[in-house]
Structures are given as structure tokens and as C-alpha cells.
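*Asks:* Here the protein sequences line up with chains D and S, keeping their order.
Quick note: the first sequence uses numbering that gives the first Met the number 0, first residue 0, plus one each step.
Quick note: the second sequence uses numbering that gives the first Met the number 0, first residue 0, plus one each step.
Honestly, I wouldn't trust all of these hints.
Unchecked claim - Partial list, derived from the structure: chain D residues whose beta carbon lies under 8 Å from chain S:
#1 334
#2 463
#3 466
Said to hold, decoys possible - Only part of the chain S face toward chain D is listed, based on derived beta-carbon distances under 10 Å:
#4 51
#5 61
#6 74
The hints are simulated quantities; they were obtained by calculation from the structure and are not laboratory data.
Here the structure is a predicted model, which is why all the values come from computation and not from measurement.
Cβ atoms here follow ideal geometry from the backbone N, Cα and C, with glycine treated the same way.
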Amino acid sequence: MKELIGMSLSELKEKLDKKEMSTVELVRAYLDAFEADRKHEKPLNGYIEVFRDSIEKAEKADEARVRGSARPLEGLPFAVKDNIVIKGKHATCASGVLKGFCSPYSATVVKRLVDAGMIPLGRTNMDEFGMGSSCEYSIYGATRNPVDRDLTPGGSSGGSAAVVASGQAPVALGTETGGSVRTPASYCGVYGLKPSYGTLSRYGVVAYGSSLDQIGILAKTPQDIALMLSFAAGADPHDMTSAPTNFTNCSPLKERDIKGLKVLLPTEFLGEGIDPGIKQKVESFAQWFKKNGAQVDTDSVPILQAAVAIYYIIAPAEASSNLARYDGVRYGNRVRQTANLEEMYVKTRSEGFGKEVKRRIFIGNYVLSSGYYDAYYKKAMQVRTLLRREIEKVFSKYDLILSPTSPCPPFKLGEKVDDPLAMYLTDICTTFSNLALIPSLSVPVGTTGAGLPVGVQLAGNRFREDLLLEVAAMYHKEGSR
Amino acid sequence: MIDDKTLDEILFLGRLDVSREEKEKFKDQVGKILDYFDLLKQYDTTGVDPDLGEGLKPSVLREDKSKVTFNESDIETFAVDFKRGFFTVPRIVEDFLENRDEDE
Numbered sequence: 000m001k002e003l004i005g006m007s008l009s010e011l012k013e014k015l016d017k018k019e020m021s022t023v024e025l026v027r028a029y030l031d032a033f034e035a036d037r038k039h040e041k042p043l044n045g046y047i048e049v050f051r052d053s054i055e056k057a058e059k060a061d062e063a064r065v066r067g068s069a070r071p072l073e074g075l076p077f078a079v080k081d082n083i084v085i086k087g088k089h090a091t092c093a094s095g096v097l098k099g100f101c102s103p104y105s106a107t108v109v110k111r112l113v114d115a116g117m118i119p120l121g122r123t124n125m126d127e128f129g130m131g132s133s134c135e136y137s138i139y140g141a142t143r144n145p146v147d148r149d150l151t152p153g154g155s156s157g158g159s160a161a162v163v164a165s166g167q168a169p170v171a172l173g174t175e176t177g178g179s180v181r182t183p184a185s186y187c188g189v190y191g192l193k194p195s196y197g198t199l200s201r202y203g204v205v206a207y208g209s210s211l212d213q214i215g216i217l218a219k220t221p222q223d224i225a226l227m228l229s230f231a232a233g234a235d236p237h238d239m240t241s242a243p244t245n246f247t248n249c250s251p252l253k254e255r256d257i258k259g260l261k262v263l264l265p266t267e268f269l270g271e272g273i274d275p276g277i278k279q280k281v282e283s284f285a286q287w288f289k290k291n292g293a294q295v296d297t298d299s300v301p302i303l304q305a306a307v308a309i310y311y312i313i314a315p316a317e318a319s320s321n322l323a324r325y326d327g328v329r330y331g332n333r334v335r336q337t338a339n340l341e342e343m344y345v346k347t348r349s350e351g352f353g354k355e356v357k358r359r360i361f362i363g364n365y366v367l368s369s370g371y372y373d374a375y376y377k378k379a380m381q382v383r384t385l386l387r388r389e390i391e392k393v394f395s396k397y398d399l400i401l402s403p404t405s406p407c408p409p410f411k412l413g414e415k416v417d418d419p420l421a422m423y424l425t426d427i428c429t430t431f432s433n434l435a436l437i438p439s440l441s442v443p444v445g446t447t448g449a450g451l452p453v454g455v456q457l458a459g460n461r462f463r464e465d466l467l468l469e470v471a472a473m474y475h476k477e478g479s480r
Numbered sequence: 000m001i002d003d004k005t006l007d008e009i010l011f012l013g014r015l016d017v018s019r020e021e022k023e024k025f026k027d028q029v030g031k032i033l034d035y036f037d038l039l040k041q042y043d044t045t046g047v048d049p050d051l052g053e054g055l056k057p058s059v060l061r062e063d064k065s066k067v068t069f070n071e072s073d074i075e076t077f078a079v080d081f082k083r084g085f086f087t088v089p090r091i092v093e094d095f096l097e098n099r100d101e102d103e
């Protein structure tokens with residue numbers, strides 16, 4: 000029999016609904032998996048903290064089930080990245096500057112899932128403030144990849160991907176600014192959705208790049224993501240950029256006819272710098288589309304080559320403004336015994352932020368400052384407009400864009416940590432979706448010859464998350480036959 | 000390459016300080032990143048709108064009415080130093096007086 004911790008959210012829901020197990024039994028299984036892993040010679044370090052009160056919540060869920068008042072997702076556990084706030088819990092963004100911060104409110108997405116009956120299991124490790132692609136820039140130390148513990152799980156939502164892949168949580172929330180859900184999903188062999196900008200409320204997500212940020216979902220199946228989305232999406236009065244979409248009917252996922260779909264494979268994502276093993280997997284996926292009657296065209300979209308440069312100007316510019324609030328005055332950590340207020344600001348920030356965050360604040364202030372604004376920030380915003388127009392043109396002809404999620408398989412911990420540009424270039428296939436505000440899904444498609452997980456990315460038009468998930472579910476179904 | 004004066008000015012804008020050794024590394028790493036951004040020069044952006052326009056148009060607006068979000072006891076749970084309804088900080092009055100003397 001399949002172990003509980005290996006099951007998908009939907010399988011667990013069925014078992015709970017049929018009363019084949021208790022919620023306490025389920026939550027305990029995940030906490031036990033976490034404890035067992037802590038004793039490992041090289042612990043994964045996916046969780047920063049597990050919530051011991053999850054057992055009490057599980058008891059209440061079991062009572063509700065006995066009473067017949069169970070909510071739709073009653074008792075199903077989930078993990079939450081450390082930059083999404085939960086009322087009464089700490090949230091630090093894996094940063095020294097937010098050490099000790101306890102949230103007085105819950106993020107809208109967390110609240111909606113909890114109101115539907117779900118139980119937060121713990122908060123997961125990440126690159127500080129979401130700035131990183133390897134989950135190494137964290138005050139809590141790096142997270143390891145469950146597939147090979149000497150490798151990075153990807154970042155910044157590396158903790159969320161590691162706990163799902165290792166059976167320490169059935170699903171997890173992560174956040175995306177430029178690939179932070181999809182990259183770890185691909186490195187750890189799970190599904191990772193970055194929804195369209197506006198699908199999920201950003202209220203309660205610690206801001207990094209506000210025109211790019213979005214909560215994402217990591218899970219074992221597309222159906223699990225659809226189930227979460229159906230409860231978490233929708234307009235929120237607390238976030239004026241949230242969209243009045245309706246995903247309540249996206250779960251259960253419908254059978255999708257692949258025949259007639261039009262898919263574009265951009266040559267920019269198959270050329271130099273793409274690992275041959277990954278390229279082969281993308282081509283196999285294209286073959287699967289063709290075999291099932293889809294039309295797959297390979298063509299160039301030259302502006303995609305600009306995405307990383309645009310992204311690493313705009314995201315740090317927005318971050319330099321968003322992170323100005325961490326000055327030790329209101330919340331988080333404060334360096335005391337300073338001569339004056341100015342020194343308190345400088346010491347609090349200099350001691351609180353890690354090196355990558357300082358680098359990005361610096362780049363952000365540089366590209367926004369007088370004399371450089373036009374050449375960098377304004378230029379990047381204009382090229383972003385060009386990129387968005389090109390993507391719109393693509394979707395006037397095609398239903399999907401197919402590409403690798405990452406140009407390389409998971410790499411060794413420490414390998415790129417002192418070479419920021421090399422680290423940034425691992426985001427080459429993901430940043431365009433954030434810039435164009437569209438949804439993208441990383442689909443696990445097996446491993447390279449060396450046994451390392453590979454993710455293939457499906458991108459769709461804005462608010463077409465349903466199409467991505469349905470196509471992935473068809474692929475998943477076929478793969479498991 | 001960024002010169003020392005620009006480096007210090009931009010660090011100050013972010014209220015950040017780094018060690019002398021770190022500064023050299025910083026200059027090298029950030030210099031390479033800024034060089035990479037030069038690839039954007041090849042795109043003709045004459046007359047192109049830098050705003051996101053429709054893409055980020057607010058879709059949800061609240062009524063323009065004030066409401067209580069957090070009360071003082073909520074703030075006390077997360078504030079660094081909160082006394083009698085105020086966030087407290089190191090004294091600034093003396094600095095102000097000293098600066099005024101200098102200005103005069």
C-alpha cells in the first residue's frame with residue numbers, strides 16, 4: 000500500500016472523506032517524516048519551523064467530521080513559504096532583518112485555504128526575501144535537494160519544493176517574482192504553478208517586486224493545484240491588482256482534447272546553454288503533443304533574449320523601494336546602542352540583510368538614480384512593453400508556449416553562490432512569464448541521463464491556468480499508465 | 000566599472016554599509032551585471048510607453064472609508080519598541096539642535 004506521505008492531496012481528501020484514516024494520523028505522519036529527516040546526516044532543512052498546534056487543529060478537524068460539519072478541504076495539510084504571513088506565526092523571509100516578527104494577520108490566500116478547512120503544517124525555507132535561485136541565501140542555511148542532498152533544490156521557494164518532494168507536506172505555497180516556484184519544482188521533480196498576475200491575492204505576501212510577485216502552488220499532481228486554486232483565487236478588496244476571476248469550476252480538471260492545440264517552441268530556449276538532456280526532454284514533450292494531434296511550430300521570438308536583463312533591472316528597482324521599510328523603527332530586528340537615528344537605520348539594515356539582498360538593493364537604487372534612470376529603468380520598462388506586445392502576438396496564434404523550465408539540471412550547493420550573474424542566467428526561461436503577467440506551469444518529465452529531475456514549462460495566455468493544468472493532467476495520466 | 004564615489008553614494012541611498020573588502024567584490028560583481036544590461040540598447044524604444052497600462056490597472060477598489068485595521072495591542076505583538084501608542088526611536092532632538100547651530 001502507498002504510504003500516506005507519498006499520496007497526492009486529492010488521494011488524501013478521498014481517504015479522509017471515506018473515513019479511512021483520521022486527520023491526526025495524517026498530520027502526525029508528516030511531522031514524523033520531518034523529525035526522521037532531522038536525524039539524517041544531511042537534513043533537507045526544508046522547514047524553518049513546523050507548527051506543533053497542527054495536531055490540535057487536526058483533532059478539531061476530526062471532531063468536525065464526526066459532527067458532520069466538515070468543510071470542503073477539512074484536515075488537509077499544507078506548507079507555507081516564510082514570506083507569506085499567518086496570523087500568530089513568525090514570518091521572517093529567511094532574513095535577519097525580520098527576526099522575531101510575528102504576524103497580526105493572515106494572507107488572503109492562507110485565510111481562504113484555512114477557511115476551507117486546510118491546516119498549515121509549517122513555514123518553509125527560502126532565499127532571503129525571494130532573492131535567489133538556489134535556496135542558499137537564507138539565515139537558516141541552505142535547503143538540500145531530496146533527490147541528491149549535495150544539490151540545490153532551486154530557489155527561492157526551495158523549502159516548499161523540498162518538503163513536497165520528500166513527503167513532508169502534500170502541497171505547499173511558494174512565491175514567484177521571476178521563476179521562484181517553477182525552478183524549484185523542476186529541480187525537485189514536482190509540479191509548480193505560477194498563476195497569472197492577479198489570480199491570487201498578494202495581500203499578506205511580503206513585497207519584493209510588486210509588478211511581478213505572485214503566490215504559486217507546488218504539488219504532486221495538476222489536479223492538486225486545481226483544487227487549491229479553486230478555493231484560493233478570486234478578487235480581494237485588500238489587493239487592488241487581484242483579478243475578479245472565477246476558478247471555482249476548474250476542479251476537478253476536465254478531460255482536455257490535445258488535438259488541434261497550437262503550440263510554439265521558441266528557438267531561444269533550445270539553443271546554446273541549454274543542457275542536452277533537458278533539450279531532449281522538451282523535444283519528447285513536443286512529440287507527445289504531435290502524437291495527440293496538436294500542431295507544434297518551432298520559431299524564433301527574439302525579444303525573449305531580453306527577459307533576464309529587463310527582469311534584473313525592474314525587480315531590484317521595485318525591491319529597493321519595497322525593502323526601504325526595514326529600518327528597525329516599527330517591526331523586525333533593530334540594532335540598539337547606536338549614536339543616533341541615522342546610524343540605527345544603517346546598522347540595522349547592514350547587519351540584517353544578507354549579501355544578495357544588499358546587491359539587489361544597490362542595483363535597484365543605481366538604476367533608479369538620477370543620471371541612470373533613463374538608461375536602465377525606463378529602458379527596461381519600455382522593452383518590457385515590447386516583450387508584452389510580442390507575447391500577445393504569440394497568443395493570438397498559439398495556445399501554449401513550450402520550453403524547458405531551467406536551462407540546467409540542479410547544480411551543486413555552493414557552485415554559483417559567488418557568481419551572481421551565472422545565478423541570474425539560470426532564470427532565462429522563466430522571467431518572461433512574470434514580465435508578461437501570464438501563467439506558467441513546470442511539469443516534471445522524468446530525469447536526465449545522470450538521473451537529475453527535469454521540468455518542462457507550459458506557458459499560456461493570461462488567466463488560462465485551466466488550460467495548462469488540463470494539458471498537464473492529460474500528460475500525467477498517460478505517463479502513469 | 001563603478002567608481003568609489005558612486006558606490007558610496009548609492010550605498011548611502013539604501014542606508015547600507017559594507018566592509019572595504021566587500022566593496023571591491025561588490026564593484027566587480029555589480030559591474031559585470033550592469034555590463035550585461037547593455038544588451039537592452041539594441042532595442043529601439045523610441046516612443047514606447049514605459050507604463051504597464053491595462054495590465055496593472057486596478058481591478059478592485061475599496062470604498063474610500065477609513066476603518067480600524069490593527070489596534071494597539073496588535074501592534075505591540077510585532078513592534079520593536081512601542082510605548083503609549085508610539086513607535087520609539089533613538090533621540091533625534093540633540094542632532095537637530097547641533098545641526099542647526101552648524102547651519103547658523
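*Asks:* The structure should be examined with respect to each hint, and the outcome stated for every one.
*Replies:* Structure-based check of each hint:
no., hint, verdict
1, 334, "violated, 10 Å"
2, 463, "violated, 15 Å"
3, 466, "violated, 20 Å"
4, 51, "holds, 6 Å"
5, 61, "holds, 5 Å"
6, 74, "holds, 8 Å"
Of the numbered hints given earlier, the model fails hints 1, 2, 3; all others are met.
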